[in-house]
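Please dock the two separately framed chains into a single complex, following the hints provided.
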Amino acid sequence: MEEKMRLVETGNHVAAWGARLARAEVVSAYPITPQTQVIEEISRFIDEGEMDCSYIPVESEHSAMAAMIGAVAMGVRSFSATSSHGLAYMHELLHWASNIRLPMVMVNVNRALGPGWNIWCDHQDSLAARDTGWIQLYCSTHQEILDTIIQAYRVSEDPKVILPVMVCYDAFIMSHTYMQVEIRDQEAVDRFLPPFRSLWKLDLDYPFTHGSVIYPDDYEEVRFSIHQAMENARRVIVEAAEEFREVVGGYHGGLVETYRMEDAECALVAMGAVASECRVTVDFLRERGHRCGLVRVRCYRPFPVDELRGLLERLQAVMVVDRGFSFGMEGALYSEVKAAVYGHGDRPVYDLVTGLGGRDVPYDVIAENMEAALRGELPAESRWPTVRLNEHHELVKRSLEEYWKREGVR
Amino acid sequence: MRLRDFPEEELFLQGSAACQGCPGSAALRVAFKALGKNTILAVIASCTSVLQSPYPASALGLPTLNMAFATGGAVASGMTAAADRLVKNGRFSEKPTILVWAGDGGTYDIGIQALSGAAERNADFIYVCYNNEAYSNTGTQRSGATPYAAWTTNTTRGKGEWRKDVAQIMVAHGIPYVATASLAYPTDMFRKFAKAREIRGTRYIEIQAPCPPGWKFPSSHTIKVARLAVQTGMWMLYEHEGGRTTYTAGTQRIIQGQAKLAPVEEYLRAQGRFRHLFEPERDEKRIAEIQNRIANIFETLQFTHKMKEHIMDIEMAPPR
Numbered sequence: 007m008e009e010k011m012r013l014v015e016t017g018n019h020v021a022a023w024g025a026r027l028a029r030a031e032v033v034s035a036y037p038i039t040p041q042t043q044v045i046e047e048i049s050r051f052i053d054e055g056e057m058d059c060s061y062i063p064v065e066s067e068h069s070a071m072a073a074m075i076g077a078v079a080m081g082v083r084s085f086s087a088t089s090s091h092g093l094a095y096m097h098e099l100l101h102w103a104s105n106i107r108l109p110m111v112m113v114n115v116n117r118a119l120g121p122g123w124n125i126w127c128d129h130q131d132s133l134a135a136r137d138t139g140w141i142q143l144y145c146s147t148h149q150e151i152l153d154t155i156i157q158a159y160r161v162s163e164d165p166k167v168i169l170p171v172m173v174c175y176d177a178f179i180m181s182h183t184y185m186q187v188e189i190r191d192q193e194a195v196d197r198f199l200p201p202f203r204s205l206w207k208l209d210l211d212y213p214f215t216h217g218s219v220i221y222p223d224d225y226e227e228v229r230f231s232i233h234q235a236m237e238n239a240r241r242v243i244v245e246a247a248e249e250f251r252e253v254v255g256g257y258h259g260g261l262v263e264t265y266r267m268e269d270a271e272c273a274l275v276a277m278g279a280v281a282s283e284c285r286v287t288v289d290f291l292r293e294r295g296h297r298c299g300l301v302r303v304r305c306y307r308p309f310p311v312d313e314l315r316g317l318l319e320r321l322q323a324v325m326v327v328d329r330g331f332s333f334g335m336e337g338a339l340y341s342e343v344k345a346a347v348y349g350h351g352d353r354p355v356y357d358l359v360t361g362l363g364g365r366d367v368p369y370d371v372i373a374e375n376m377e378a379a380l381r382g383e384l385p386a387e388s389r390w391p392t393v394r395l396n397e398h399h400e401l402v403k404r405s406l407e408e409y410w411k412r413e414g415v416r
Numbered sequence: 086m087r088l089r090d091f092p093e094e095e096l097f098l099q100g101s102a103a104c105q106g107c108p109g110s111a112a113l114r115v116a117f118k119a120l121g122k123n124t125i126l127a128v129i130a131s132c133t134s135v136l137q138s139p140y141p142a143s144a145l146g147l148p149t150l151n152m153a154f155a156t157g158g159a160v161a162s163g164m165t166a167a168a169d170r171l172v173k174n175g176r177f178s179e180k181p182t183i184l185v186w187a188g189d190g191g192t193y194d195i196g197i198q199a200l201s202g203a204a205e206r207n208a209d210f211i212y213v214c215y216n217n218e219a220y221s222n223t224g225t226q227r228s229g230a231t232p233y234a235a236w237t238t239n240t241t242r243g244k245g246e247w248r249k250d251v252a253q254i255m256v257a258h259g260i261p262y263v264a265t266a267s268l269a270y271p272t273d274m275f276r277k278f279a280k281a282r283e284i285r286g287t288r289y290i291e292i293q294a295p296c297p298p299g300w301k302f303p304s305s306h307t308i309k310v311a312r313l314a315v316q317t318g319m320w321m322l323y324e325h326e327g328g329r330t331t332y333t334a335g336t337q338r339i340i341q342g343q344a345k346l347a348p349v350e351e352y353l354r355a356q357g358r359f360r361h362l363f364e365p366e367r368d369e370k371r372i373a374e375i376q377n378r379i380a381n382i383f384e385t386l387q388f389t390h391k392m393k394e395h396i397m398d399i400e401m402a403p404p405r
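Residue numbers (our numbering), protein chains in the order written: chain A, 7 to 416; chain Z, 86 to 405.
One or more hints might be untrue.
25 Å max Cα-Cα, derived BS3-like pairs, lysine-lysine [as the list claims (entries may be wrong)]:
{"#": "1", "chain 1": "Z", "residue 1": "K370", "chain 2": "Z", "residue 2": "K249"}
{"#": "2", "chain 1": "A", "residue 1": "K207", "chain 2": "Z", "residue 2": "K122"}
{"#": "3", "chain 1": "Z", "residue 1": "K122", "chain 2": "Z", "residue 2": "K180"}
{"#": "4", "chain 1": "Z", "residue 1": "K180", "chain 2": "A", "residue 2": "K207"}
{"#": "5", "chain 1": "Z", "residue 1": "K345", "chain 2": "Z", "residue 2": "K309"}
{"#": "6", "chain 1": "Z", "residue 1": "K301", "chain 2": "Z", "residue 2": "K370"}
{"#": "7", "chain 1": "Z", "residue 1": "K345", "chain 2": "Z", "residue 2": "K370"}
{"#": "8", "chain 1": "A", "residue 1": "K207", "chain 2": "Z", "residue 2": "K173"}
{"#": "9", "chain 1": "Z", "residue 1": "K180", "chain 2": "Z", "residue 2": "K249"}
{"#": "10", "chain 1": "Z", "residue 1": "K122", "chain 2": "Z", "residue 2": "K173"}
{"#": "11", "chain 1": "A", "residue 1": "K207", "chain 2": "Z", "residue 2": "K118"}
{"#": "12", "chain 1": "Z", "residue 1": "K180", "chain 2": "Z", "residue 2": "K118"}
So the derived list for chain Z, only partly shown, Cβ under 8 Å to chain A, looks like this [as the list claims (entries may be wrong)]:
{"#": "13", "residue": "L145"}
{"#": "14", "residue": "G146"}
{"#": "15", "residue": "P148"}
{"#": "16", "residue": "M152"}
{"#": "17", "residue": "A155"}
{"#": "18", "residue": "G163"}
{"#": "19", "residue": "A166"}
{"#": "20", "residue": "A167"}
{"#": "21", "residue": "R170"}
{"#": "22", "residue": "I197"}
{"#": "23", "residue": "Q198"}
{"#": "24", "residue": "Q253"}
{"#": "25", "residue": "S305"}
The hints are simulated quantities; they were obtained by calculation from the structure and are not laboratory data. Where is the CB? At the ideal position from N, CA and C, for every residue including glycine.
Isolated chain Z (complex conformation) (with noise of 0.2 Å):
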């Protein structure tokens, strides 16, 4: 799938009162794109809540009911049922997709317990973190996704505390499909949606979204931040399906040998959220601190990889 080959139609109308850059929006347009028209949307209280502009207009092409913050689980849960039944009763014709899209104060925070117990449940729908790593629609004030030393309007001087990770938590739900994506990978990124769109059970997809003014960075750089996140392993791509981890797109070139691991700091100065690290004067205690915490984790990748392609080699040989 290359850009060109990408459905013409838009789902994502025109007239959205999101900001300039917004990286939510983007991927509103990529998902509906691999979607397609047969998706009934539930949009938990987040900045997509806004953006979809006030009552009585809506950017959103598709049946779309808002929600309260903790309900993105829970309520997929009640419209599967609902579309089981209207299946088996011979309303609908087809199973539409249901596709939950909330942010990350909605998804790491108030909203776990909700997606936890529908992921147990392995209730049938996709859910959609667009994660910017802080409540964006609020203020910017820190979530759990925000990352360590982060700027935000409640951790002025850095948030003190490593980000949790909850792309791992779904994994370790046992649900059948997790995946990580990036709003520049775009491909990628439509390659999950539409994967995702033909497995049945709990999906979750977790796109990292660069956020200009709550990370501070120009409206026209949102997907060079988003680049810059991937080419540093700020940001790691990966699909998890079967018991089996599969990196993609950027990440997979670092961990394969074919990419340098750019250094985190042209990720962390390409934004104001991170200008205390480098003004007044250089933090070199907390850049070395994120920096080794990214280089063991993509050590331990390099090598396994490297293992398994020796394993591969032994397995493949053909007998003596």
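Chain A with its partners taken away, still in its complex shape (with noise of 0.2 Å):
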């Protein structure tokens, strides 16, 4: 048996790999900090002749999605990567990629949105694309992006599901710290991942149109498919990543991981590199006595219902740990776990708000809520435990206080 190929690299350039060990062929992408790193990489992989495959330097992420779009509707494999605002510019095209059916993987390194100019990790630019008929996957460790990606790929280009996937993990904490990862033997990849096949291309022999005019009808069906794929896609991701496990190796969970669940009494749910955080926490909180498991929700969409309804239908109490927000509602997660296991038992879900643009996300101060949740003292709500009013912010709320003396406002 060969030795396996270890490398001690940053997310950014394992991501790189997991692109060249799926044998992407067009790469499109513009450069974003964080991601940045994934595309000079892959360009270093293609200049160096490692990587047979055409890099598209585009001048936006807009044009990186309209390009990415075009390679994949010829039949080609297909791969970028982008972050936070470069995401948020290619919405419009996201929608598109997923509504006329185009399987395509797409790095998205979490990373929080602007103004004020934040390059740190949140979960909010990936969120917020939640709705775009995309299949969202969240890593936690740098060999869960490579694993992931070519995974993805699997997913994506199944004939059950053919949809794009968008693989996220956290600017920073995961995009530039160096892990050790095993770079996957390539042959164990190719007998996983089949060469590209998708539900439709341009075709010269078989032309037609793809993506005109469509009325209310025939509109209402392709959405319905795009929902029977979504859900299609819930079994297959389970399938490929026990199926990677056989045949390349390494196991990061399917629809969700668990950590000390077993005999669980609460329970915490992220989603991302936190998650590694609520780790810590899980062993803190056992550690004084209390029974805790965490559920890291590594598929955002589709969102697994099942196993969260099956996994907290007992327990005391839920924490969720939010990177997230729904501005005039509560955590993003938050609702959707509430949402999956409303009906399902009638233990207390808790949210916490935390990490936003990078803020540290401190083991103990989640360990402190969910003692007091345990306790019956805190309010089954969306929290920010760790948002605090400094001068700064007394600076803000004397000039509001300024300003509504100035125009006369009670």
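So, in structure tokens, the structure goes:
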């Protein structure tokens, strides 16, 4: 047996390896911090003859997605990577890619949106793209980034799915940190991931028109078919993860990953790298005598409704750690978790909105809140436990009061 | 190439949903004949998105991807990169022509970034802007291509600005081929498409597309209005390659003195969108502004042409 290739690499370079092992043939991308290293590494792979691929250095993210749509429509496996404002800028075409049923994989390095200018991590960018018809997978280790990109192509191109997949991981916490990663064996990956196939392509032998004007009756049919594909994806994602374990090696969970849930009385629910912080919280709470577990949501769309019901049904308390927020409502993941378990048991669900724009997420704050919840001292609603009023806020308050006074606002 | 030599095969099929006298469908017909079957099409949001007929029917006999408004240059970049891969891997025996078909709104305004980016990369495709000088699909609003003083639904007293010149912007990109065309000169248009097909890199062809409902003229007058545009100098026909501009067809004849530049009033009077220049009273100022602008351009071109002939004579004269 050949010795396994291990590298100590950044999450971004690992993502580039994912595209390389998946044999993406066209890459179109525009650089944006913190994604930039992904496309730099792919360019280097291509220049040094290590990756047989065409790289289109487009002039914007809107064009990156448009070029990818053009390439996949021609029948070629393609890859892109983006982040934050880039994802927001290509939003229109996210719909286009899923609604004309093109299989493709794009990495999104989760970064906060401005203003104020913030390059650090939260999940607002990809959560805002929730309803675009893209499958969304969230990673929490470097190894998982590599393996998930390969699995994502398999899911995306599955005849029961044919939808684009977004693979998400956290800015800087994962994108720029170095971790040891096993670079998977290319032959094994090839066995796991067959050559590109697609529901349709631009075919000279069978010319047809795709994406033209469509009347209401047919439109609704098309939309329903996307929903069915999402439903099918639940099973396909789980199967792909399991088959990957057998053929290539490595497992990170299906739609969810659990930690110490076997005998849990309470649980944390989180996505992305913050779930690793939550593992520390779980261990800490267990030391203090609370049987706590962790459910890491690996797949946000389709949402793991049945899995969460099964796991959370008989617990005393569930606490969601949210790295994104739906303004005027509550934490974005919190809404989803509550909706999933509604009517299945009556445990309270709590929400901590924290870690926005890269703010540190302390394990002890999560633990304190969980203990308060278990004592029945916490209201079941979204809380911002790490927000603090400082001098700056007082300044804002004072200037607002002055403005109101000037304008005669009572 | 004469009209009767055009290929008989129709790739733009019957049953389109175009308006009567639609210049877009006429231009598609000529372009498809010149480019032939080995062509893959990206239609950018425009009248053509509609005139091709609604799902599941299609009047387009070529494989077609309809795409969002701002994507022309970018989607074609992806298509041509993929086509290269398919040739390299033996899945295509020959690289197809990638053709982008966009209106002036999708080219002059929302789409210029993607077009400029692709041209700077010299991506290998033909980009066509069929220019009806308005957002005609949306009910005739102004675009960057709308000429000075023209009525649209949001320039009800006539547009106050001169149109920009995207063909010249494309020339400034240094791409291998830029051409303008007119429906009234179909053999000239056919020749330009056939030539563009043989060139690699970004090629840009802009066709003036007089729109009967948007410009307010009878639907039987499309070709007549297109011809008047060239005869009055409101639309110029040329091609630019290898750093040189060559004027063609009607425009060439005017510059070379074989035909007279017709008064622009003939063109303006043929369309309802300029009616406010004549009714209720004649707007001498704006008519003169338009006429003077054209006259200046043609005086310069005619002078340059004469100078060139003169210089050629000297060069070609035998040494004494």
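Evaluated hints:
{"no.": "1", "hint": "Z:K370 / Z:K249", "result": "holds (21 Å)"}
{"no.": "2", "hint": "A:K207 / Z:K122", "result": "holds (16 Å)"}
{"no.": "3", "hint": "Z:K122 / Z:K180", "result": "holds (12 Å)"}
{"no.": "4", "hint": "Z:K180 / A:K207", "result": "holds (16 Å)"}
{"no.": "5", "hint": "Z:K345 / Z:K309", "result": "holds (17 Å)"}
{"no.": "6", "hint": "Z:K301 / Z:K370", "result": "holds (23 Å)"}
{"no.": "7", "hint": "Z:K345 / Z:K370", "result": "holds (23 Å)"}
{"no.": "8", "hint": "A:K207 / Z:K173", "result": "holds (18 Å)"}
{"no.": "9", "hint": "Z:K180 / Z:K249", "result": "violated (34 Å)"}
{"no.": "10", "hint": "Z:K122 / Z:K173", "result": "holds (21 Å)"}
{"no.": "11", "hint": "A:K207 / Z:K118", "result": "holds (23 Å)"}
{"no.": "12", "hint": "Z:K180 / Z:K118", "result": "holds (18 Å)"}
{"no.": "13", "hint": "L145", "result": "holds (5 Å)"}
{"no.": "14", "hint": "G146", "result": "holds (6 Å)"}
{"no.": "15", "hint": "P148", "result": "holds (4 Å)"}
{"no.": "16", "hint": "M152", "result": "holds (7 Å)"}
{"no.": "17", "hint": "A155", "result": "holds (6 Å)"}
{"no.": "18", "hint": "G163", "result": "holds (3 Å)"}
{"no.": "19", "hint": "A166", "result": "holds (4 Å)"}
{"no.": "20", "hint": "A167", "result": "holds (4 Å)"}
{"no.": "21", "hint": "R170", "result": "holds (5 Å)"}
{"no.": "22", "hint": "I197", "result": "violated (11 Å)"}
{"no.": "23", "hint": "Q198", "result": "holds (6 Å)"}
{"no.": "24", "hint": "Q253", "result": "violated (20 Å)"}
{"no.": "25", "hint": "S305", "result": "violated (27 Å)"}
The structure does not agree with the numbered hints 9, 22, 24 and 25 stated previously, though it agrees with the rest.
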